[in-house]
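K.L.:
My request is simple: use the sequences and hints to build the entire structure.
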Amino acid sequence: MSIWDRLGDFVTRVSSSASSGVAEVVEAVRTVFSGDADLRRRVAFSVAMIALSAKMAKADGIVTQDEVRAFQEIFEVPKEQRRNVARLYDLAKRDIAGFETYAERMAQLCGSGHSNCLMLEDILDGLFHIAKADGLVHEREGHFLHRIAEIFRIDEAHYQSILARHVDLGAADPYVVLGIERGKPFEEVRRRYRKLVSDNHPDRLIARGLPQEFIKIATTRLAAINAAYEMIERGLRHA
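Each residue of the sequence shown is one higher than the last, beginning at 0 in numbering that gives the first Met the number 0.
No lab work stands behind these hints, which were simulated from the structure alone. Heads up, some of the hints might be wrong.
Said to hold, decoys possible - Derived CB-CB ranges, DEER-like:
no., residue 1, residue 2, range
1, H145, Q64, 24 to 30 Å
2, S114, S197, 18 to 24 Å
3, D8, A226, 40 to 46 Å
4, A85, R189, 42 to 48 Å
5, R68, D172, 27 to 33 Å
6, A85, R190, 41 to 47 Å
7, H142, E26, 28 to 34 Å
8, E79, L117, 29 to 35 Å
9, D37, G141, 33 to 39 Å
Small disclaimer: the values here were computed from a predicted structure and weren't measured. We put the CB at the ideal spot given by N, CA and C, even for glycine.
P.N.:
Next comes the structure, spelled out in structure tokens:
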């Protein structure tokens with residue numbers, strides 16, 4: 000049985016409850032998949048992405064076709080399961096609980112409990128990918144993403160490095176992209192770069208519970224990291 004079949008069973012169970020909200024969704028993920036930690040991570044990531052995408056759409060007020068396509072780049076949902084994904088999306092969108100409540104519960108469900116948790120960064124990265132799909136991260140989306148980062152305990156410097164990977168800031172500072180202070184010895188820059196590449200290796204991402212489709216999105220992340228490192232290396236060589 001695929002993850003989407005299992006997610007479909009989960010959505011059917013959750014949506015049958017008249018009081019279904021974020022608390023019921025989170026508790027259902029914990030109990031339904033309690034016997035399989037790997038499957039629970041994958042389902043938890045998918046539920047978090049779907050629910051927070053719905054909350055972002057509600058905050059922004061509109062959902063463009065570009066954003067729908069961006070969502071489908073992260074999740075290649077089988078045709079027979081699209082209705083269940085839509086039900087979960089609508090459940091989150093209709094829930095009276097605000098997006099901050101959702102973010103807090105999703106952080107408890109998916110996170111490590113430590114600051115700058117990689118799984119939560121993956122979720123934020125996916126939300127950025129959807130938000131920028133129409134060519135612009137709108138002001139409301141920007142506020143939403145920044146607040147999500149705060150709730151996820153992604154510190155400001157780390158958030159700025161994520162932002163620099165996604166938003167055209169003009170001549171983006173490559174040191175910001177790598178999340179390291181300008182003026183650090185090159186060997187320290189290289190160590191930081193190698194850690195980022197290691198953390199974003201496809202095997203690591205899959206082990207964290209990301210769907211296979213997300214690997215395509217992660218290549219964009221790695222391209223920004225590689226470009227920033229090469230820019231720093233060229234600058235220091237010609238200094």
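K.L.:
Run every hint past the structure and note whether it holds.
P.N.:
Structure-based check of all given hints:
Take H145 and Q64: their Cβ atoms lie about 26 Å apart, and the range 24 to 30 Å holds. Checked against the given bound of 18 to 24 Å, the beta carbons of S114 and S197, roughly 19 Å apart, stay inside it. Separated by about 43 Å at the C-beta atoms, D8 and A226 satisfy the suggested range of 40 to 46 Å. The given range of 42 to 48 Å is respected by A85 and R189, whose C-beta atoms sit roughly 46 Å from each other.
Distance hint check for R68 and D172: the Cβ-Cβ separation is about 30 Å, which falls inside the suggested range of 27 to 33 Å. As the Cβ distance of A85 to R190 is approximately 45 Å, the hint placing it in 41 to 47 Å holds. In this structure the supplied range 28 to 34 Å holds for H142 paired with E26, their Cβ-Cβ distance being about 29 Å. Remark: the range hint 29 to 35 Å for E79 to L117 is upheld by a beta-carbon distance near 32 Å.
Checking the proposed 33 to 39 Å range against D37 and G141 shows it holds: the Cβ atoms sit about 34 Å from each other.
Against the hints set out earlier in the document, no violation occurs for any number.
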